[in-house]
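**Student:** For the protein sequence lines, the chains are Z and X, in the order given. The first sequence maps to residues 1 to 363 in my numbering. The second sequence maps to residues 1001 to 1171 in my numbering.
Honestly, I wouldn't trust all of these hints.
In silico negatives: residues of chain Z with every beta carbon more than 12 Å from chain X [unchecked claim]:
# : residue
1 : Pro59
2 : Arg248
3 : Ala353
Straight-line Cα separation of at most 25 Å, SDA-like style, residue types lysine to any residue; simulated pairs [claimed, not checked]:
#  : chain 1 : residue 1 : chain 2 : residue 2
4  : X       : Lys1049   : Z       : Arg362
5  : X       : Lys1049   : Z       : Pro65
6  : X       : Lys1164   : Z       : Ala57
7  : Z       : Lys218    : X       : Arg1066
8  : X       : Lys1164   : Z       : Pro360
9  : Z       : Lys218    : X       : Arg1071
10 : Z       : Lys218    : X       : Ala1072
11 : X       : Lys1049   : X       : Ala1006
12 : Z       : Lys218    : Z       : Leu252
13 : Z       : Lys218    : Z       : Pro360
14 : Z       : Lys218    : X       : Leu1113
15 : X       : Lys1164   : X       : Ser1129
16 : Z       : Lys218    : Z       : Pro239
Quick caveat, the hints were computed from the structure, so don't treat them as lab data. Glycine included, C-beta positions come from ideal geometry on N, C-alpha and C.
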Amino acid sequence: MSHVDDGTLHAYLDGELSPPEAQSVEAHVAQCPACRTRLEEERALIARAGELLAQAAPPDRELPPFRPGDVKLPARLWWQVRTPLAWAATIALALGIGTYVGERGVPPLEPTAPGRPTIIADQLARPAPAPGPATASAPDSAFAGQRQRVAERRLRVSKQAASPAVGGAIEEKSAADSIARREAGPLTADGYLASKAAASAPAHREMAQLNGYRGTVKGPPIGVDSARLLLGADPLVVPDLPVRGMYRGRQLGYSAMVIVEQALDSTTVIEVVNGRPSPLQLAEVVVTGAGEARRDTQSAGARALLNTRAVDSAAAAPRPAPTPAADEDKAKRTASGLFVEVRGPLSPDSLAALKRLLRPLRP
Amino acid sequence: MSDVSADRLAEIYRTTYRALVRFLYRKVWDAERAEDLAQEAFARAVVHKPENARGWLFIVAANMARDEARRAARERRHLTLLTAESQDGTPTSDEVFQEEQERVQVRAALEQLTPRDREVLLLWDSGLSYSEIAAHTGLAPGAVGTTLARARRRLVEAHEAGEKGEHVARG
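Build the full structure now, drawing on both the sequences and the hints.
**Tutor:** Laid out in structure tokens, this is it:
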């Protein structure tokens, strides 16, 4: 009888042979000292390989709870496929911020105040008096002219961004960014990142992770369970809209942040930003940040994608200040203690309407 | 059995999640990332309700890890810089350092295996049966034992050679 080959010995030791096969191996080994020796050698080899692999194991953590929610992911690999529009929007968002900061010449708000960043878009649309030095300057004719130029530039850029000539948009963005850096005083985190992104062409991927939401960095895609764990609650989403993906977000002042991408239609993507403020920041928000923050319903870059007529009319005839709405401040922070924002290439009213629809992913 | 009920998937999650993380970790070498990817794989299983969920999960995970590796290759220079920084800046206890060294050595040994040998070894270590491994890799079921025998031998030999090399370098 022929000897047992290595593969069969391993299959035998792994318990992967059928009973008749195993019996045949045992019968041979019983009367073949050479194969008996090999069997023990292979047994030791298997044990040793197992030990080595155990040394290359991740830390053993507690099993996260499994909640098969009603997540609806498109069949395609959504973390790989980004629509050209989303890409264009990202560039335009980055440009919008740079332009805004440059135009106003106002030191950027501290990114540590949650929600505050969102003031940007609102003020672009409605340069109305409001508390704080950031909005103190009343629109005069020179200012309106400047706005006009900004609007024109934005229109040009949004066209470029929508076309394949992305490079042009990056250059444009880079110019705006340099203005922002020159005039904006202290460099903010996203100003730094944006300038980094603009500095080298290969680094433009970094920019794709940046977001119009000041200081928010969009991290890796995560699953719904990770999102729940991070937030300690169900992320808020717009019901009945397909979820394209969830991403871990980072922003100063938040101990956890989850960005949920939802498809409004085939070309429009909105982002629902769920943030859990870090405990220290909570008080600060209530005292100083929230009043300004809530007035935003739209990010700066989202506007850049829109018909610029809205910007122009805003520049020509500033609307009155938005109604004070302390009650909405409360609405902004949800029952679960999360701060949420809806962002996307939509009008402020639409975004506000979407925000009112927000519900926990699974009640 | 056309699809998998939520209960069945929850059971698979309970029994397979850690193995899937381990499998992914040995491909991406980042525990947090491995967990994220494993979560993603399960999230997709919830949607797709694959017939053979366990095998399906490992195939999806392997694909995600491969995409991840391509992305990582593009960013390698950046990552190398970061790693160098964190190693300089973070004081580690002897024990942690020792564990890290061992991990690095096993990783180096694993990387000397052929991709197929490595895949079979990692799948077996994740608890897949020979027939599941055969289905995953396209190997004939009878060839899994042979491949596994070779993979284990090469892993142990490459690891010993690595240790020896280090001693020579030190001494």
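**Student:** Is the straight-line distance between the alpha-carbon of X:Lys1164 and that of X:Ser1129 25 Å or less?
**Tutor:** This hinted pair is violated, its Cα atoms lying about 34 Å apart.
**Student:** Given the proposed pairing of X:Lys1049 with Z:Pro65, does the C-alpha separation stay at or below 25 Å?
**Tutor:** Holds: X:Lys1049 and Z:Pro65 sit about 19 Å apart, inside 25 Å.
**Student:** Against chain X, does Z:Arg248 keep a CB gap of more than 12 Å to every residue?
**Tutor:** Not fine: 8 Å to the nearest Cβ puts Z:Arg248 too close to chain X.
**Student:** Checking a non-interface call: every C-beta of chain X should be farther than 12 Å from the C-beta of Z:Pro59. Is that right?
**Tutor:** 6 Å, violated
**Student:** Is the hinted pair Z:Lys218 and X:Ala1072 satisfied, with a Cα-Cα distance of at most 25 Å?
**Tutor:** Roughly 17 Å between the alpha carbons, so the hint for Z:Lys218 and X:Ala1072 holds.
**Student:** Could you grab the alpha-carbon distance between Z:Lys218 and X:Arg1071 and see if it respects the 25 Å cut-off?
**Tutor:** Answer holds: Z:Lys218 to X:Arg1071 is near 16 Å, not above 25 Å.
**Student:** For Z:Lys218 and X:Leu1113, compute the direct alpha-carbon distance and say whether it is at most 25 Å.
**Tutor:** 36 Å, violated
**Student:** For the pair we were handed, Z:Lys218 and Z:Leu252, check the Cα-Cα distance against 25 Å.
**Tutor:** OK: Z:Lys218 and Z:Leu252 at ~13 Å, within 25 Å.
**Student:** Given the hinted pair X:Lys1049 and X:Ala1006, is their alpha-carbon gap at most 25 Å?
**Tutor:** 9 Å, holds
**Student:** Please work out if X:Lys1049 and Z:Arg362 have their alpha carbons no farther apart than 25 Å.
**Tutor:** This hinted pair holds, its Cα atoms lying about 19 Å apart.
**Student:** Can the restraint linking Z:Lys218 and X:Arg1066 be considered satisfied, given a maximum Cα separation of 25 Å?
**Tutor:** Holds, at roughly 22 Å.
**Student:** Has the given pair, Z:Lys218 with Z:Pro360, been kept, meaning a C-alpha gap of at most 25 Å?
**Tutor:** Within the cut-off at roughly 21 Å; holds.
In this structure, the earlier hints numbered 1, 2, 8, 14, 15 are contradicted, and the remaining ones agree with it.
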